[in-house]
Structures are given as structure tokens and as C-alpha cells.
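Chemist: As given, the protein sequences belong to chains A and B, one line each in that order.
When the letters of the first sequence are read in order and numbered with this note's numbering, they come out as residues 1 to 322.
When the letters of the second sequence are read in order and numbered with this note's numbering, they come out as residues 1 to 164.
These are computed hints drawn from the structure, not numbers from a lab.
Wrong hints could be hidden among the right ones.
Reference listing, derived: stretches of chain A covered by chain B, where coverage requires no fewer than 3 residues with Cβ under 8 angstroms from a Cβ of chain B [what the hints assert, rightly or not]:
id	region
1	110-123
2	140-152
3	160-170
4	239-247
5	250-256
6	261-272
Partial chain B-side listing against chain A, Cβ under 7 angstroms, derived [claimed, not checked]:
id	residue
7	98
8	100
9	128
10	130
11	133
Output of the computed footprint for chain A on chain B, the stretches with three or more beta carbons under 8 angstroms from beta carbons of chain A [said to hold, decoys possible]:
id	region
12	86-96
13	101-108
14	118-127
Backbone N, C-alpha and C define an ideal beta-carbon position, used for all residues, glycine too.
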Amino acid sequence: MSRRGFLGKSAAAAAGLAALAAAMSPLRHLKEGDLPSVEDFLQKHYKEMTAAQKARALERIRERVRARHRVEAVVTDPPPMDGVEYVYGLNISRCIGCRKCVHACVAENNQSRAPELQYIRVLEMEKGSIDVETANHHYTPPLVPRPDKWYMPVQCHQCANPPCVKVCPVEATWQEPDGITVIDYDWCIGCRYCEAACPYWARRFNFAEPLIPGDAINPKISYLSNRPREKGVMEKCTFCLHRTRVGRLPACLEVCPTGSRKFGNVLDPNSEVHYILKHKRVFVLKADVGTLPRFFYYFDERGSRYHDPIEPGPVHATGEGA
Amino acid sequence: MRPVYSLASYTYECMECHRIIPSPEETLRPLTQHTEIEFNHGINTRCFNCHHRKNRNAFVDDFGAEIAWEQPQLLCAKCHGPVYRDWQAGSHGRSNGYWDTARGEQVRLRCIQCHDPHAPPFGSMAPAPGPNTLRMGVPAPPAHSGKRDPLRVYSGAEGAGNSH
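If we strip away everything but chain A, and leave its shape as in the complex, we get:
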């Protein structure tokens, strides 16, 4: 071998080794427990797991929460209830835009605090208009509501025809029989197609390692909703299914000081949401995109708004019909 040839080859080999070292360098920062166990690695899709495998998966989640957060969690997997289809109603005549729902949701669902992740966005719009393009979600007045504005919280609409489910290349997200669209966080590959497909901007991506400070974690967790997520997976509102599937109301509803939020089983003719759909004036956001949301905005009669007093209207003295 010539000297020139030898030098060239060893330079190439050195470059190759350096590239390999660079490619492997993230492994140096691995801590114990960062790599999935063999059992984690072989875990099946949620819908393909047997009852025993599911129980093992829940147990692994419990162990991981104990190791990372030093909290004894209660991990459940409540199934959908028979004859139940959830519907949400939101009274936009009453919402004052205080954002209490946003932060109750973050606490309940173990969302990352840094970087911050929130499922609910509260849009502030000019009264008399509904233009989500120019709506503002960064409003910071000392007091809400501002008299010339109205407020519209937006979160996952749990569509009956969900575009986010259609685009998922690995079927990591699907619609449950009770209408809730869920994600198997262990099956998600993080391609973010669903985020792009959602017309309501209701899905969130964990760009960075989610951080939940020590005692802030909610220990009542379930597989499909609020268990701690990993970096690189999508997450979304699940109507708090760990609460609602055992009959309780969602966290965003319970915290609302105005009672604007209503939730229940639309198949039950005595339910609140059934009454709202039957008797109230109701609309869905972006009805034209054909997603058939299960999240309905409704409003009360004129004059019932707290800063919209009833004033006698102009007297119509036309001869028409009189």
C-alpha cells in the first residue's frame, strides 16, 4: 500500500469513527430508566393487549411514576360505559374569559409545565363578530370580562368525523364508543399529521421532555388520558375520561366560576346537554368542514348577559301589518 493510499484510508476511517461517535453521543446522556425495557419495547397496541398484558402495562406506568416523580399513583383504565355518548355544551353568554379552566386542565391532566402545554385556548373577540382569525388569546387586562369583548374557549371537539384519526399512519389515535378520541402514547410516532389535520388546533406535541414539578403531579391517572407523556408524542383533551367514565364531571367544568360549561350523556333524554341541544340556540365551530363536533356552543336569550341590560327597543310605528 502506498503512503498516500494509507493516509487517505486512515483519514476516511477516522472520519467514519468520528461520525459514529457523534451519532452515538446522545447515548452518553442516558440515565438509568431512559431506555425502554424489553417488556416496554414489546408492548402491543392498546386495542390488541389482553387483559393480563394491560394490567402489566398499568403496573409499569405505576412503577415509572414512582421512580420519576416519587408519587404512589393509582393507575386505572376505565372502559367506556354502555349507552353513553358524551357531549359538551359551553354557554358563551356566560363565559367571562377568566382562564380558570385552562389551568385546572393542566393540573388535572399532568401536562408539561416547562415547556408549557395547554389543551384549552380562550379566544377574545370583538362583540358582534366571530372572527377566529383575528381573535386574541394573549389578552391580559386587569379584569375580565372587558365590556366590548366576548370570550370563546376552544379545546378538542371530540368530532364524530375526526380528521386527526384519519391521517394517523400508525392508528395510534382512534375514537372510542363513547365518542372520545384518544391516543395510545406508546404507539404514537410523533409525526404530527394529526396536529396539522385538526381544524381546531386541539392537539399538542411534546417538543421537549415534559417537566412536571415534584408535588404537582395528579396521582389519579389512566392509560388513555392523563398518564405522564414522553418527549416526542402527541397529546390532547380526553374529556377527562379518567373522571367522566366513572360518572364525575370534567375538571374544566368543575372549576368554572360562571357555570358556563355543561357536560353529560346526550343519549339520556333527561340530561342537561340533551336539554341544551333541544331548547337552546346552539352552534358548532367551523361547521362547514364537516367534522361533526360533540362540543356545542350555546347562548341565552337577549338581555341575559351580565353587561347587556335590556333596554326598550325602538318603537316601530310603521303601518306594516298594523
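Mind docking chain B on chain A? Use the hints.
Modeler: Then chain B, alone, in the frame of chain A:
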């Protein structure tokens, strides 16, 4: 929700005084007692529209009969029919507990637990902080190197305001 009145760190039951002290027949302002009550209830300006003349531990219905203190919604329904109907059906008012009443109790607050009956319009409050998330927050100013890290959001108080 009890018929009590607090004055200078003492709490009285209404009837402790009103058993012996009569109220004036016409109760238009200005009052000599209860002057701290902020009154903002539209055209409803007379005490005995709602309070019972004889029994101050009760409200009064349209025919002068008593309405129990624990059932204020029956009093409010005298004027606010549509809201009362909505409250009964559950589309107005705050609920807590269970949506499925077969599994647990649902607590529904009554009118005067949210509204001050003397000044019923729902008050305003300070909003909780707005989103400072990666996609919705205000991006951090570029570092000294001139590079912008998309995973950094700006937590500074200034500038986190009204930009879209």
C-alpha cells in the same frame, strides 16, 4: 346561606333584632340601618319585594306567604322565569360532582350562592395568566449568537401582552 347579619365582628340572626324592632313600611333609600348594602338590582328597590315582613328568616312569595331561606330560587323565579327554567334543566348555574347521578351526587349551586342578591350582576375578576406555550407563547429574543432557539419561550413579563 343563613339568615344572619354581621356587624362589627358580631353575627346576629335577623330575627334577634327584627322580633322587636319594626321596619319602616316604605323602604326606599336612604336607609338608617344596613347602609353598607350596595344596591344594584334594577327596578327592584324595595326590601319587602323579597324579604318577608313578619319573618325575616324567610322570603316572601307573590301572595305574602313565606319561602324558606334555603329555597331562594323560588323567590328569584318570581321575576326571572327563563333563567329559573334553565337552572332547573341544568343549562344555567354551576354544578359539581357527578354528571351520572346514579353513581354519585351532583351539587347544583342556588342563585344567591353565585349572585349577590342585592347586586346580582356577576362580577369581574382578574384573568389567570395567558398561554406561554411553545407554539402560542411569545418567542424568546434571539441569543447573542443571533440564533433563535424554537424550544425557548420568553417568560419575561414585558412583551407577553397583547401581541397575537
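Chemist: Run every hint past the structure and note whether it holds.
Modeler: How the hints compare with the structure:
Evaluation of the coverage hint for the region 110-123 of chain A: fulfilled, as 5 residues show C-beta separations to chain B shorter than 8 angstroms, against a requirement of three. For the region 140-152 of chain A, the assignment as covered by chain B holds, since 6 residues bring a beta-carbon within under 8 angstroms of that chain's beta-carbons and 3 suffice. Remark: the region 160-170 of chain A is not confirmed as covered by chain B, as 0 of its residues place a Cβ nearer than 8 angstroms to a Cβ of that chain, below the required three. Beta-carbon proximity to chain B at under 8 angstroms applies to 3 residues in the region 239-247 of chain A; the threshold of 3 is reached and the given coverage holds.
For the region 250-256 of chain A, the proposed coverage by chain B is satisfied: 3 residues have a C-beta within less than 8 angstroms of a C-beta in that chain, meeting the threshold of three. Counting residues of the region 261-272 of chain A whose beta-carbon sits less than 8 angstroms from any beta-carbon of chain B gives 6, enough to reach three: the coverage restraint holds. The closest approach between the C-beta of residue 98 of chain B and any C-beta of chain A is roughly 5 angstroms, which is under the 7 angstroms cut-off, so the hint is satisfied. Annotation: residue 100 of chain B was flagged as interfacial toward chain A, and the flag holds, the nearest CB pair being 3 angstroms apart, inside 7 angstroms.
Evaluation of the residue 128 of chain B hint against chain A yields a held restraint, the C-beta minimum of about 4 angstroms falling below 7 angstroms. For the restraint placing residue 130 of chain B at the interface with chain A, the shortest Cβ-Cβ distance is roughly 5 angstroms, inside the 7 angstroms limit, so the hint holds. Below 7 angstroms, beta-carbon pairs count as interface contacts, and residue 133 of chain B has one with chain A at about 5 angstroms; its hint therefore holds. With 9 residues having a beta carbon nearer than 8 angstroms to a beta carbon of chain A, the region 86-96 of chain B meets the requirement of three or more and the stated coverage holds.
With 4 residues having a Cβ less than 8 angstroms from any Cβ of chain A, the region 101-108 of chain B passes the three-residue criterion, so the hint holds. For the region 118-127 of chain B, the stated coverage by chain A is satisfied: 6 residues place a CB nearer than 8 angstroms to a CB of that chain, which reaches the threshold of 3.
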